[in-house]
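A.B. asks: Given next are the chains, with one letter for each unit.
There are 2 protein chains.
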Amino acid sequence: MQNDASRFAASLKASLSQWARQGKKGVWIKVPKDQAKLVPVAIEVGFWYHHAEPSYVMLVYWIPQTSPTIPDNASHQVGIAAFVFNEEGQALVVQEKSGPYKHSRLWKMQGEGIKEGAIREVHEETGNIDTEFVEVVGFRDGHNAPFGKSDFLFVCMLRSVSSNIVVQDTEISAAKWMAIEEFASQPKNQQSKLLKDMIGICCANVKGRSKGFSGIAGISSNSRRSSAFYCSALHSQ
Amino acid sequence: MQNDASRFAASLKASLSQWARQGKKGVWIKVPKDQAKLVPVAIEVGFWYHHAEPSYVMLVYWIPQTSPTIPDNASHQVGIAAFVFNEEGQALVVQEKSGPYKHSRLWKMQGEGIKEGAIREVHEETGNIDTEFVEVVGFRDGHNAPFGKSDFLFVCMLRSVSSNIVVQDTEISAAKWMAIEEFASQPKNQQSKLLKDMIGICCANVKGRSKGFSGIAGISSNSRRSSAFYCSALHSQ
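Protein chains in written order, with the numbering used here: chain A, 601 to 837; chain B, 601 to 837.
Please keep in mind that the hints were generated in silico from the structure rather than gathered at the bench. Honestly, I wouldn't trust all of these hints.
Given that identical chains are not distinguished, each listed pair holds provided it fits within a single copy or across any two copies.
What the hints assert, rightly or not - List of simulated lysine-lysine pairs, BS3-like, C-alpha gap at most 27 Å:
1) Lys807 to Lys776
2) Lys613 to Lys633
3) Lys613 to Lys796
4) Lys613 to Lys637
5) Lys793 to Lys625
6) Lys788 to Lys807
7) Lys788 to Lys776
8) Lys796 to Lys776
9) Lys776 to Lys793
10) Lys633 to Lys807
11) Lys807 to Lys793
12) Lys625 to Lys613
13) Lys776 to Lys624
14) Lys807 to Lys796
15) Lys630 to Lys793
16) Lys624 to Lys613
17) Lys793 to Lys633
18) Lys624 to Lys807
Given the sequences, and given the hints that come with them, work out the whole structure.
C.D. replies: Spelled out as structure tokens, the structure:
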């Protein structure tokens, strides 16, 4: 063990000298969990932490005497609240949760957009409802999330496209359709101005007065990157 | 060194046993950089990585035989593109960059909202322009950012409130005001449909036809959290 560490330290120092002569700048080491004994060795040589995921930690070192130009670590978590309505203009209410304006768990959207994530989440949470994405109604820009991070909560509207609008109770959750007016007037949905406003916007939008951001897929200046752009539909036509 | 590690391992195992008897669930260890020798010890005991910042790595362990309910690591980087106009309806153009629709560097917004970040960035990048936030015109939801993360780029409009509209060359950047029509017609701003659309939206919005999301500050259900909600101004009045 101790020999492995010594050999790694010597090899790392030799490599850094060579890379410095070659004009290299940033050096990354991705250390898998089962090689964790190399972490203190790299730190001792002068590396610092960049980020970590469950199975590895990424260390970085900057060779020149200049300020490092190293990409920032991720700073935000992202969540969604889905408002789902059907062709009869009813809202989807999920039992024991706060209704259509339901905060789902924060989830990782790596490799997945807001639109795709919202559709998937609604399907998973209701067990059987397929939807099409209508728009982002608004979003909360919040701070002081765990670990000093920030978070976004996107409020999305989706239209049910399931031919069968009868929602069945499932192990995942019990859900039913409710007239929008009935839903909006429930005491719990009158508790905060924000919730009232959001429901008001969603109700207006169900009646065709869209004021949110719809998505334009496939917008990217770089073919390696999958992305979508969200802006007012009034402009994006 | 080796003794420290052995003592830490023994102490950690004893603590885990005690916490298990007490019904504790998640256990966190924040290991500062100068204590990196404890990282492989904790990993050996069964901890895994949660996240890391330059000066520390956070390790986590889940005691029960159930699925861990541990907050996700941050998944998104956030950047801004600022479109700045003045009381004469001119756009701010920054030399050697892509004009008003200028991608600034990705920056961390920890403890800072989109609105505050945009105002600060414009001030820093132009050296002297003070602005007020008008709205989020749209945003890009992109994937395959470095390290498998995703990113958001928020396109924001800001109105100059500096009484002196003469922009001076500074060390930071050279900037000047330009008639919006002249700016929009520049070949580089006609290159992509998205850029054309964005500039078209911004130009329309300068003329008072706002279609973006303006922010409502101080919206939060939790007094520990600072946050703002962004939605259509047509609804937020």
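A.B. asks: Each hint: holds or not?
C.D. replies: Hints and how they fare:
1. Lys807 to Lys776: within (20 Å within a copy, 45 Å between copies)
2. Lys613 to Lys633: both (22 Å within a copy, 19 Å between copies)
3. Lys613 to Lys796: neither (61 Å within a copy, 50 Å between copies)
4. Lys613 to Lys637: both (17 Å within a copy, 19 Å between copies)
5. Lys793 to Lys625: neither (52 Å within a copy, 36 Å between copies)
6. Lys788 to Lys807: Close inside one copy (23 Å), not across copies (40 Å); limit 27 Å.
7. Lys788 to Lys776: within (17 Å within a copy, 52 Å between copies)
8. Lys796 to Lys776: So Lys796 and Lys776 pass the 27 Å test inside one copy only (20 Å; across, 44 Å).
9. Lys776 to Lys793: within (25 Å within a copy, 42 Å between copies)
10. Lys633 to Lys807: neither (53 Å within a copy, 56 Å between copies)
11. Lys807 to Lys793: Within one copy, since 21 Å is at most 27 Å while 30 Å is not.
12. Lys625 to Lys613: Within one copy, since 15 Å is at most 27 Å while 41 Å is not.
13. Lys776 to Lys624: neither (60 Å within a copy, 37 Å between copies)
14. Lys807 to Lys796: within (17 Å within a copy, 31 Å between copies)
15. Lys630 to Lys793: neither (47 Å within a copy, 39 Å between copies)
16. Lys624 to Lys613: within (14 Å within a copy, 43 Å between copies)
17. Lys793 to Lys633: neither (47 Å within a copy, 45 Å between copies)
18. Lys624 to Lys807: Answer is neither; intra-copy 59 Å and inter-copy 50 Å both fail.
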